[in-house]
Each structure stands twice: as C-alpha cells, then as structure tokens.
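K.L.:
So the sequence lines, in the order shown, correspond to chains A and B. Per UniProt numbering, the very first residue in the first sequence carries number 1; after that it's consecutive. Per UniProt numbering, the very first residue in the second sequence carries number 1; after that it's consecutive.
Since the hints were derived computationally from the structure, they do not count as laboratory data. As the structure is a computational prediction, the values presented were derived from the model and not from experiment. The beta-carbon is built from N, C-alpha and C at its ideal position, and this holds for glycine as well. A few of these clues could be false.
[What the hints assert, rightly or not] Reference listing, derived: stretches of chain A covered by chain B, where coverage requires no fewer than 3 residues with Cβ under 8 Å from a Cβ of chain B: (1) 411-421; (2) 437-451.
[Said to hold, decoys possible] What follows is a list of derived Cβ distance ranges for each label pair: (3) B:Val-174 with A:Val-394: 43 to 53 Å; (4) A:Val-394 with B:Trp-114: 28 to 38 Å; (5) B:Asn-223 with A:Glu-407: 49 to 59 Å; (6) B:Val-54 with A:Ala-324: 51 to 61 Å; (7) A:Met-199 with B:Asn-86: 28 to 38 Å; (8) B:Lys-191 with A:Gly-405: 30 to 40 Å; (9) B:Gly-171 with A:Ser-375: 40 to 50 Å; (10) B:Asn-86 with A:Ile-404: 28 to 38 Å; (11) A:Glu-416 with B:Glu-74: 17 to 27 Å; (12) B:His-117 with A:Asp-100: 47 to 57 Å; (13) A:Glu-407 with B:Ser-170: 49 to 59 Å; (14) A:Glu-407 with B:Asn-206: 16 to 26 Å; (15) B:Asn-86 with A:Glu-407: 41 to 51 Å.
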Amino acid sequence: MERKKTQVAEINRSAYDTPNPENAAYKVSKGLTAEIVTDISSGKNEPHWMLEHRLRSLEVYGRTSLPSWGPSLHELDMDQVVTYVRPNTGMTNDWDEVPDEIKQTFDRLGIPEAEKLSLSGVGAQYDSEVVYHSIKDEMRRQGVIYTDMDTALHEYEEVVRKHFMKLIPATSHKFAALHGAVWSGGSFVYVPKGVEVSMPLQSYFRLNAPGAGQFEHTLIILEEGARLQFIEGCSAPRYNVLNLHAGCVELYVGQGATLRYSTIENWSRNMMNLNSKCAAVEKNGAIEWVSGTFGSHITMLYPTSILQGEGARSEFTGISFASAGQELDTGTKVVHAAPNTSSMVSSKSISKNGGKAIYRSAITVLPEAKNSKSSVSCESLMLDSDSRSDTIPVMDIRNDEVDIGHEAKIGRISEETVFYLMTRGIGENEAKALIVRGFVEPIAKELPLEYAVEMNRLVTLEFEGSIG
Amino acid sequence: MLTISGLKARVGDSDILKGLDLTINAGETHVIMGPNGAGKSTLANVIMGHPDYVVTHGSIVFDGEDITDAKTDERAKKGLFMTFQNPEEVAGITVESFLRTARFAVTGKSERAWDFHKELLTLMERLDFDESYAARHLNIGFSGGEKKKNEILQMLALHPRLAILDETDSGLDVDAVKTVSEGVRGYKNEKNALLIITHSTKILENIKVDAVHILVDGQIVKNGGASLIDEVNHSGFTALTPSKSIEGVS
C-alpha cells in the first residue's frame, strides 16, 4: 500500500496557514532604498542616531555579498520584498482592543490561552509591528521590563543605544546589515539583579502580508543572578511569493544569571529564514538555547554564545525537521573566551521527502580559555533515500588545557529494528514512528510542553496513511 | 498449530532452506539442532516473515491459516513470537512503555497502566531482572545476558501461542541459562507451543522436550525424541547426516 507522505506535512499546518486578508494601515514600496529606510524611521519618530544607524547599515548591506557557503539564496530578490508593513492597529495590553481578525489569528495559535495558564507575559507581533504586549503585575513590581522595542527605544533610549547591534553588528553578514537598516518590532526585556522570573515570557511573531519581510529585534538583558525563560514562536501562512525573515536576537547574560531562550520556528514553506542570534555570558552565567526548526523554505540559523566571563556556560539543544522543498542549515557557534568555560551542544535533525537538513557548528577556544570543556553531539536521521543530511562541525582549539568531545552520527531507520518491533505485533508505520519519536525524545522533553506535543503529532502524522 | 510444508527460502542469491517440513501441535516443545550455517536462524526469520528472506516454494500454515505472505506484525497478532539472538536497541522508549504498546498491539485490549506495571514487576522478579530496567530505554546499554532476559520477559508479557527461541542460551553464563530456562518453563502450558533453536544443550536440561529435529544444509535430516539430544552430544552432527553423503554420491 502506498504511504501518502507528501500531503501530511501540509495537513498539520492548518492552524498556521490560514491567512487574513491584507489590511495594512501602511506599507512601504517593494525593494530597498535610503528613502524607504528614512520613511520607516520617521514613521516611528526615532532618535537621530537610530536613523544614522539604519542608513549606515544600508550602506554596509549594499557592499556586502551573499554568504559564499550554505544554501543557495539566489531566489531572494530584495527588489520584490516589502520591508515594512504596519498593521491597522496600535499596540495594546488588552486582547479585546486587538482587531478581531488579528486576535483570531493568535487565538488559533493558542497564545492568549497559554498566557493565562503558564506565562509571565506575552508579546505578539503582526507583520512589522507589535500589536500586544503584557506582563503580570507581580513581575512589573519586581522591576522586570517587558515591552516592544519601539517603546524601549523611547523610554530606555540609553540602555538600547548601549546594547543595540553591539553583539551582532551590521558588518557581521549581509542580512545583519539588512536588519540594521529596516528592523521593526521585537521585544525588549530587562530583569534586575537577583530577580527570578518564575514563568516564561513568550513573544510570538506572525507574518501575514504576502511578499513581505519581518525584521524584529529582540534585546534581553539579565543583571547579576537574574533568571528568565523566554519563548519565541514564529509562523506565517503560505503564499506563492517568497517571504523573508531576518530577525536579530541579542542576549546579555550577567554574572551568575541564567537565561533559557527557546525558539520554535514553524514558518510556511515560502519563507527565507535568515536569522541572527547572539548571547554574551558573564562570569558563572549560563545561556541555554533550545531551538526547534520545522518550517521555512530555507533556514540559516546558528545561535552564537560568547563565553566571556570565567566559568560561563552554554548549552545548545536543537532539532530540525526538513521535508520536501526545505533546506534547513542550522547549528551553533560558541566562543570560549575565558577560563573554565563550558559548552554543550546536542543537535538532532530529521529529513524526509527530499528535504535537506544540515548541521553546522563552530567551536572556538581562545588561548586564555584554559580548563574549558566542550562536548558536541549531532545526529541525523534520514527517513528515505531522497532526503539529505550532513554534519559540518568545525573546532578551533587554541590552547592545550581543554577537554573536547565530539560525536556525529548520520543514519537511516534500520530495517532490522523495524522488523524487531513488528515481531512484537507493532505495525510497520507505528514502528517507524516509534523509532523517530525515540530519536527526538531527548530534545522533545526540552521544548515547551505545547510544542513537544505538536512535534509528536507531526511525527505520528508522518507515518499515518497505510493504517487508516 | 504450525504446519510447514516443502519450504524453500533464499536470501539474496543463496538458497538457504531447501525443502523443509515441520509440524508442531499445541502443547508441544520442539527442538531444532544443527551445525552453524545449516539454516536454523533462517527458519526462525522466515516463520516470522523477515523481509530479507524470500520464500520460493512451500507454505507456512498457522492455526489453519496460510501465513506465508502475511506481514510480520500480523503473524505476531496471531500468536507467533521469536526471541532475537541480537536484540535491537531502541532509544527513547522504555522497556515498560514498549511492552505496553506491544501488548496492546497483540491483544487489542487496553489495560490500566498500574495493573500492567504490577504484572511486569512480578515477571521481572521471576527472571531475577532488576525492576529499574523497566524504566530504561529498550536494550540500550544492556549486557548480552540482560538483553536475553528482556527477550524472555517480552515472551512472558505477550503470551504468544508459539514462541521461537533463537539461540537464547548463547553467550550466557550458567546462572543466566538457569534463569532463562526457568522463565521458559513458566511460559509453557498445554495450549501453547515452543520451538527451541540451539546448538548447545544446556538450556534443554530442565525442559521437557517432545521432538528433536536435526537441520543440516537447509533440510531436516533426522527427526526423533528427546533421546536424540544425547546422541548429538555423544557423536556430533556429522554422524547423524548419512543422507547427505548419499546425496553427494548420487
């Protein structure tokens, strides 16, 4: 019996794929010019230094070429991308004030419900602007700030100016430059010394306009001993034209502070996801990246940890799931720049129906990072012979007093294991699903619950067909 | 219960089974012995429907139904079971949750998790199998002996009508063989049947055997009762295979 694999990935996207009619208050013309950039900045009434930053970034963008490695980005034609789309509403902290069609989108994604049950605060961005931001009073009383970047730029201008695009300067790569020129929206979080935010904050980014780009900027600052879990979710309906996401995330983790940053990307299959993320970690601080990449046409994403204080730690847990027409090039970068720092990388990828999943990482241990430890494990599972997987781990170790471990595995579902399970009465498809679920289990348990459930559903759906 | 007639099977280009007949009735324990490469494990795999083995002739009938072309899981649901010489390791699923899934698959009945848990612990104790293994991932990091115990545990939990033990005793120390053979005795009753494939005889010491078949070069060359085991122990397989040399001459 034929398995109807290809359709499955689409069925599961119904909650994400429902687009709203375009109803923007304002959008800039396609393409990228100094006029457009100035337009975005003046529309937001930004301080002059930000406009200058945007124009400088635009200039860098113009003279920077596309990356010479990784997936081909030739399909991307910036002259066709609309860089700024302002939704037809302002920002509010009351869901009732969010226009119905936009609110319904977030309802379908389960955001307001999750806010009530298990989050300390929620931010929701629709196209280029944040339409909802709210934080529980208890957190606000302790001095925690959680707001959108536009508000932060006005209310906390000096803090923003000191940190904005300092970890990821416009010169990092072409899309960082693009981001610097046309960024809009995103979240700003500040957690004061010693404050532990008990439940996670979640920002959700939704791109509705066809042919548009989303360039949100997220800036998080944790003072000494602070603790925070931040969840970032992304999705978009499917269109026939390419959409572009080039967000930027900058995280400052203070001495002894711990930040867990979880991202679930479920962009539609017409999305170019070229995102930049970087964390700087002070003495004895810790950054924990949890990254799930399920959607998009092409993704290039390598969250970076700079361990700049003694004893700083980073953990990266990533999973990607590439299906037909998808090329997911993900991984992480770590720079050990101080003694006794440690990094742990655990990555799994699954490719199916001709999808391509590439793991890429770079671990650098600088001469001063004595007694540092790094362990990298990456595993890939290919579900059929049309799919591709590769692992490209790079290590640059510049001192002798380090402890480095590395393990890479690429495999297929073993027919012998399927047979073993079938001799116990388990059907072929269920046996395969069980093997895949087992493969992703160590990662799934790190994901926020609702996303872990979603991932299991994805795996189960993948193998349905011939049974029922 | 099981009737195999004129069975020929090959893997790749080589013919392994070359016309084999075997009948096993309810309540019986059969033993298949034979030198390495005779086709013993192939027979077990063919009975279970391993996709690498192609049946080119003959039939396998189980409980009156021709299962020669049935899928492996369908055979298991009808009550066939085999232990593996090298049980597969599966990450991310615990022994207990695997066994619940399998039990639901073969019985179709849902059971309370707690009842199943208690039953499992009783079985594990009987096999001298530390209960912490119930929460470990299937066969991951298990020693050879632990994997074999886990196979017997699965047999006891799934209540098959015909269980095939493929070299379950190989690589086990004396104590482990004893535990396994006690487990096997605990399984056996009037209604089910057992097919033990082995090339040693340690495991058979405490088990009542009804029939012994000597398999050489893909064919059964001699059938007999339990006494055949002693004959093999005494004179080896070559003495028992006159037909082969005759065949060679003709």
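K.L.:
Take the hints in turn and mark each one as holding or not.
P.N.:
To see whether the hints hold, each was checked on the structure:
Given as covered by chain B, the segment 411-421 of chain A passes the check, having 7 residues with a CB less than 8 Å from a CB of that chain where 3 are the minimum. Coverage of the segment 437-451 of chain A by chain B holds. Counting CB-CB distances below 8 Å, 6 residues qualify, and the rule asks for three or more. In this structure the hint that Val-174 (chain B) and Val-394 (chain A) lie 43 to 53 Å apart at CB holds, the actual value being about 52 Å. Distance hint check for Val-394 (chain A) and Trp-114 (chain B): the Cβ-Cβ separation is about 50 Å, which falls outside the suggested range of 28 to 38 Å.
Take Asn-223 (chain B) and Glu-407 (chain A): their Cβ atoms lie about 52 Å apart, and the range 49 to 59 Å holds. Checked against the given bound of 51 to 61 Å, the beta carbons of Val-54 (chain B) and Ala-324 (chain A), roughly 33 Å apart, lie outside it. In this structure, Met-199 (chain A) and Asn-86 (chain B) break the distance hint of 28 to 38 Å, their C-beta atoms being roughly 47 Å apart. A hinted range of 30 to 40 Å is violated for the C-beta pair Lys-191 (chain B) and Gly-405 (chain A), which are about 53 Å apart.
One distance hint, 40 to 50 Å for the beta-carbon pair Gly-171 (chain B) and Ser-375 (chain A), is violated here, with the actual separation near 33 Å. Judged by the Cβ atoms, the range 28 to 38 Å given for Asn-86 (chain B) and Ile-404 (chain A) holds: they are separated by roughly 33 Å. Against the hinted window of 17 to 27 Å, the Cβ-Cβ separation of Glu-416 (chain A) and Glu-74 (chain B) comes to about 19 Å, which satisfies the hint. One distance hint, 47 to 57 Å for the beta-carbon pair His-117 (chain B) and Asp-100 (chain A), holds here, with the actual separation near 49 Å.
For Glu-407 (chain A) and Ser-170 (chain B), the Cβ-Cβ distance of about 31 Å falls outside the hinted range of 49 to 59 Å, so the restraint is violated. Here the CB-CB span from Glu-407 (chain A) to Asn-206 (chain B) is close to 44 Å, at odds with the stated 16 to 26 Å. For Asn-86 (chain B) and Glu-407 (chain A), the hinted distance range of 41 to 51 Å is not satisfied, since their beta carbons lie about 23 Å from each other.
Checked against the numbered hints listed earlier, the structure breaks hints 4, 6, 7, 8, 9, 13, 14, 15; every other hint is satisfied.
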